[in-house]
Amino acid sequence: MNGFSGTDHQVHNLKQQIAATETQLHSLKLQLQQAEQQAEAARHLSEAYQGGFPAEWMDETLVALQQDVTRDIAQKVRQEGGFEGAPSVRDAAQPRRWPLEKHEYKRYGRQLIMPEVGLHGQLRLKNARVLIVGVGGLGCPAAAYLAGAGVGTLGLMDGDTVEESNLHRQIAHSTARVDMNKTQSAMEYLQSLNPHVNYNRHEFHLTPQKAIQIFEQYDLVLDCTDHPTSRYLISDACILTGKTLVSASALKTEGQLIVLNNPPRPPGDALGGPCYRCIFPKPPPAESVLSCGEGGILGPVVGVMGVLQALEAIKVLTARAQRPANGGDWSTNGATSEAAPKATLLMFSTYNTPQFRSVRLRSRRADCAACSAQSTISRQSLTSGSLDYVAFCGATAPINLLPPASRVTATDFSRLPRDGSNVLIDVRDETQYAICALRGSVNVPWTGSADTWLERALASGLSFGGGRQHFVMCRFGNDSQLAAKAVMERTQTPVAVKDVKGGFKSWRDEVDPSWPDY
Amino acid sequence: MAARKSSQSHSGGLELLFSNQRKHKVSIPSTSDATTGQPSNVAFLIKWLCDNLMRDPRKEMFVLDDTARPGILVLINDADWELEGEEKYELQAGDEVVFVSTLHGG
Ligand SMILES: [Zn+2]
Numbered sequence: 317m318n319g320f321s322g323t324d325h326q327v328h329n330l331k332q333q334i335a336a337t338e339t340q341l342h343s344l345k346l347q348l349q350q351a352e353q354q355a356e357a358a359r360h361l362s363e364a365y366q367g368g369f370p371a372e373w374m375d376e377t378l379v380a381l382q383q384d385v386t387r388d389i390a391q392k393v394r395q396e397g398g399f400e401g402a403p404s405v406r407d408a409a410q411p412r413r414w415p416l417e418k419h420e421y422k423r424y425g426r427q428l429i430m431p432e433v434g435l436h437g438q439l440r441l442k443n444a445r446v447l448i449v450g451v452g453g454l455g456c457p458a459a460a461y462l463a464g465a466g467v468g469t470l471g472l473m474d475g476d477t478v479e480e481s482n483l484h485r486q487i488a489h490s491t492a493r494v495d496m497n498k499t500q501s502a503m504e505y506l507q508s509l510n511p512h513v514n515y516n517r518h519e520f521h522l523t524p525q526k527a528i529q530i531f532e533q534y535d536l537v538l539d540c541t542d543h544p545t546s547r548y549l550i551s552d553a554c555i556l557t558g559k560t561l562v563s564a565s566a567l568k569t570e571g572q573l574i575v576l577n578n579p580p581r582p583p584g585d586a587l588g589g590p591c592y593r594c595i596f597p598k599p600p601p602a603e604s605v606l607s608c609g610e611g612g613i614l615g616p617v618v619g620v621m622g623v624l625q626a627l628e629a630i631k632v633l634t635a636r637a638q639r640p641a642n643g644g645d646w647s648t649n650g651a652t653s654e655a656a657p658k659a660t661l662l663m664f665s666t667y668n669t670p671q672f673r674s675v676r677l678r679s680r681r682a683d684c685a686a687c688s689a690q691s692t693i694s695r696q697s698l699t700s701g702s703l704d705y706v707a708f709c710g711a712t713a714p715i716n717l718l719p720p721a722s723r724v725t726a727t728d729f730s731r732l733p734r735d736g737s738n739v740l741i742d743v744r745d746e747t748q749y750a751i752c753a754l755r756g757s758v759n760v761p762w763t764g765s766a767d768t769w770l771e772r773a774l775a776s777g778l779s780f781g782g783g784r785q786h787f788v789m790c791r792f793g794n795d796s797q798l799a800a801k802a803v804m805e806r807t808q809t810p811v812a813v814k815d816v817k818g819g820f821k822s823w824r825d826e827v828d829p830s831w832p833d834y
Numbered sequence: 009m010a011a012r013k014s015s016q017s018h019s020g021g022l023e024l025l026f027s028n029q030r031k032h033k034v035s036i037p038s039t040s041d042a043t044t045g046q047p048s049n050v051a052f053l054i055k056w057l058c059d060n061l062m063r064d065p066r067k068e069m070f071v072l073d074d075t076a077r078p079g080i081l082v083l084i085n086d087a088d089w090e091l092e093g094e095e096k097y098e099l100q101a102g103d104e105v106v107f108v109s110t111l112h113g114g
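Protein chains in written order, with my numbering: chain P, 317 to 834; chain E, 9 to 114.
Treat the hints as calculated values from the structure; they're not laboratory data. No experiment lies behind these values; they were computed from the predicted model shown. Check the hints yourself; a few may be wrong.
What the hints assert, rightly or not - Here are the computed lysine-lysine pairs in the DSSO-like style, where the Cα-Cα straight-line distance is at most 30 Å:
1) LYS526/P to LYS418/P
2) LYS568/P to LYS33/E
3) LYS821/P to LYS801/P
4) LYS598/P to LYS67/E
5) LYS55/E to LYS631/P
6) LYS31/E to LYS55/E
7) LYS598/P to LYS55/E
8) LYS67/E to LYS96/E
9) LYS345/P to LYS55/E
10) LYS67/E to LYS345/P
11) LYS801/P to LYS67/E
12) LYS658/P to LYS96/E
13) LYS422/P to LYS67/E
14) LYS568/P to LYS96/E
15) LYS631/P to LYS658/P
16) LYS658/P to LYS31/E
17) LYS96/E to LYS418/P
Kindly produce the complete structure, drawing on both the sequences and the hints.
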C-alpha cells in the first residue's frame with residue numbers, strides 16, 4: 317500500500333504543479349497582453365505627436381527631441397536583446413510627450429498660433445543662437461523682443477558702461493544701473509523678462525582678432541553698433557563665418573534697416589545675398605559721420621529700428637528650410653532659388669509722408685573685397701589683426717588748428733572784464749544756444765564753411781573791428797577753432813580773435829559746475 | 009529745348025546741404041550737350057544740382073570725383089542706381105531720384 321500511496325502522492329503533486337504552472341502561465345499571458353497593450357499605447361502616444369507634423373518638419377522636430385529619441389531607441393535595443401521587459405506605463409510616460417515644455421506653450425502661445433511661426437517656428441527659435449553686437453539704442457529693444465520670443469541663446473556684446481544720457485532710449489538699462497557694463501545691465505533686465513533663455517555676455521568691444529571665433533558660436537548676427545568701422549568688421553566676419561546679418565542704424569529722426577548675406581553663402585557664390593561692402597564699397601568721409609551724441613537721436617526712432625531688427629531676425633530664423641531642386645545646399649525662404657538675391661533697404665523718416673519707404677538694392681558685387689570670388693579679406697587677415705578698420709574708415713583726429721597764442725582756457729576767459737571790451741561768439745546751433753548760453757554772447761552757428769559762416773557773422777552785426785577782443789566758443793572746442801581760423805584768414809584787417817579751449821565742456825569742468833551737461 | 013521734370017529728395021542729413029528742404033521738384037534741360045544732343049543722365053543731374061540747387065559750399069559732402077560721394081546711395085524710382093546703369097541712366101520726365109546719406113548711429 318505504501319508503494320501505491322507514494323505514487324498517488326506523486327500524481328497529486330504533479331497535478332498541483334501543473335495547476336500552479338497553468339495559473340502562472342495564464343498570469344504570464346495576461347501580463348504579456350497587458351505589456352503589449354502598453355507598448356502599443358506608448359507607440360500611439362509617440363505617433364500621436366509626431367503625426368501632427370507635416371513630413372518635412374519631422375526630421376527637424378525629432379532633432380529637437382533628440383534626447384528622448386535616443387532614449388527610446390536604446391530602450392528598444394535592450395528589449396529586443398532580451399535585457400529588459402516591455403515598457404511599463406511609467407517607462408512609456410518618461411519620453412517627453414510634447415516637443416515644448418508646458419510653460420513654453422503658455423509663454424509663446426500668442427505667437428505659436430500664428431501660421432508664420434507655429435510649432436516648427438518656435439522650435440527653430442528655441443534652437444537658434446543670436447549675437448547682438450552693441451547693447452545700446454538698437455540692441456536693447458532688439459534683445460528684449462528676441463528674448464521675449466524665446467530665442468534659445470542670446471549673445472550680448474558691448475564694452476561700454478551705462479550712462480544717464482543713454483536712458484531715454486536704451487530701454488534695457490536703468491537709473492540704478494548707471495556705470496554698470498551694458499551687457500551686465502541688459503542681462504539683468506532680460507533675465508527678469510525671460511529666464512528661460514541662455515544669455516552669453518561678451519563684455520568688450522568687437523575686435524577683428526576675436527570676431528571669427530565669437531561669430532562661429534552663433535547662427536545670426538545683429539549689428540546694433542554706431543560706427544562704420546564696426547559695420548565693415550561685422551559684415552566681413554559674417555561673410556567669413558557664413559552668418560546672415562541684420563543691420564540697422566539711426567540718427568536724429570531717421571533710421572535705416574538692411575538684411576545682408578541673406579541667404580548666407582561662401583565668398584564667390586552669387587546665390588548669396590550681398591554684404592555691407594557690396595552696398596558701400598568705400599567708407600564715407602570721416603567728417604560726414606555723426607554719432608547720436610553729436611547729432612542727437614529721438615528715442616522712439618532708434619527703438620523702432622531695433623524692434624524691426626528683432627522682427628527681421630525672427631523672420632529669418634523661422635523661415636522654413638528648403639532644399640533646392642538641384643540638390644545643392646540648404647537655404648531659407650528669403651531667397652529665390654536661382655536668381656542672385658538682392659538686398660532691400662528700409663528707410664524710416666519721422667517727418668516724411670509716408671514714414672516708411674523700401675527700396676531695392678543690388679545683389680552681390682562681382683568684385684567685392686569680402687564676398688566675391690576675388691575677395692581679399694580672409695579669416696587670417698582678421699585673426700592676425702592685419703586689417704585696420706579704423707584706418708580704412710579714417711579717424712577724425714582731434715582738431716588742433718590754432719597757435720597757442722590764439723587760444724585761452726575757460727578759466728582765463730572767465731577772469732576777463734565784462735565791460736564790453738570782449739565779444740563772445742557762441743557757434744553752437746540755435747537749439748543748443750536756447751538750452752543754455754552766456755549772457756551777452758552772440759550766436760552764430762557754425763555752418764561747416766568759412767565763407768557762409770563769416771557772411772552770417774557779419775549779418776548778425778559783428779564787425780570784428782573797434783579794437784575789441786573776440787572769443788569763439790562751442791560745445792567741445794572743435795567748431796570754435798574752425799570759426800576762429802575763418803576770421804583770421806578771411807577778414808581784411810587783422811582781428812583779435814581767440815578760441816576758448818574745450819568749449820562749454822571745459823567751462824563746466826573749470827568754471828561753472830552747474831552748467832547743463834547735455 | 010524741352011525741360012524735363014525730375015524730383016529729388018534728400019534723406020539722412022543731406023537736406024542740410026540743400027537749404028534744409030527734403031524734396032525739390034526741378035526741371036533740367038533734356039539734353040546735357042546741345043551739339044551732340046546727349047540726353048541728360050544722372051551724372052549731369054548731379055552736376056546740375058551742385059551748380060544750381062546747392063547753397064552750401066561744401067560740395068565735398070555731396071560729390072567726390074564728379075559722382076555722389078561714398079556713403080550716399082542714389083536711388084532712381086525706388087531702386088539702387090546700380091540696377092539702372094548708374095550715372096549713365098538717362099532721365100525720363102517724372103523720374104524720382106533720391107539721394108540718401110547712410111546713417112551710422114545706434
Ligand atoms: Zn560683398
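Going down the list of hints, with the structure as the test:
1. Annotation: proposed proximity of LYS526/P to LYS418/P is violated, straight-line Cα distance about 38 Å (limit 30 Å).
2. Proximity of LYS568/P to LYS33/E is assessed by CA-CA distance (about 25 Å); at most 30 Å being required, the pair is judged to hold.
3. The straight-line distance between the Cα atoms of LYS821/P and LYS801/P is roughly 20 Å, inside the 30 Å bound, and the hint therefore holds.
4. Distance hint between LYS598/P and LYS67/E is fulfilled; the C-alpha atoms sit about 18 Å from each other, no more than 30 Å.
5. Of the supplied pair hints, the one linking LYS55/E and LYS631/P is violated, its CA atoms being roughly 42 Å apart against a limit of 30 Å.
6. Straight-line distance between C-alpha atoms of LYS31/E and LYS55/E comes to about 18 Å, which keeps the hinted pair within the 30 Å bound.
7. With a C-alpha separation of about 21 Å, the suggested pairing of LYS598/P with LYS55/E holds against the 30 Å cut-off.
8. Our distance criterion of 30 Å between C-alpha atoms is met by LYS67/E and LYS96/E, whose separation comes to about 21 Å.
9. The suggested pairing of LYS345/P with LYS55/E is violated, with an alpha-carbon distance near 96 Å, which exceeds 30 Å.
10. Simply put, LYS67/E and LYS345/P have alpha-carbon atoms about 96 Å apart, too far for the 30 Å limit, and the pair is violated.
11. Restraint check for LYS801/P and LYS67/E: the C-alpha separation of about 20 Å stays at or below 30 Å, so the hint holds.
12. Among the hinted pairs, LYS658/P with LYS96/E is consistent with the structure: their alpha-carbon atoms are about 21 Å apart, no more than 30 Å.
13. For the given pair, LYS422/P sits about 58 Å from LYS67/E by alpha-carbon distance, which is inconsistent with the 30 Å threshold.
14. With a CA separation close to 33 Å, the supplied pair LYS568/P and LYS96/E exceeds the 30 Å bound.
15. Straight-line distance between C-alpha atoms of LYS631/P and LYS658/P comes to about 17 Å, which keeps the hinted pair within the 30 Å bound.
16. For the hint linking LYS658/P to LYS31/E, the alpha-carbon distance of about 27 Å falls within 30 Å, and the restraint holds.
17. For the given pair, LYS96/E sits about 61 Å from LYS418/P by alpha-carbon distance, which is inconsistent with the 30 Å threshold.
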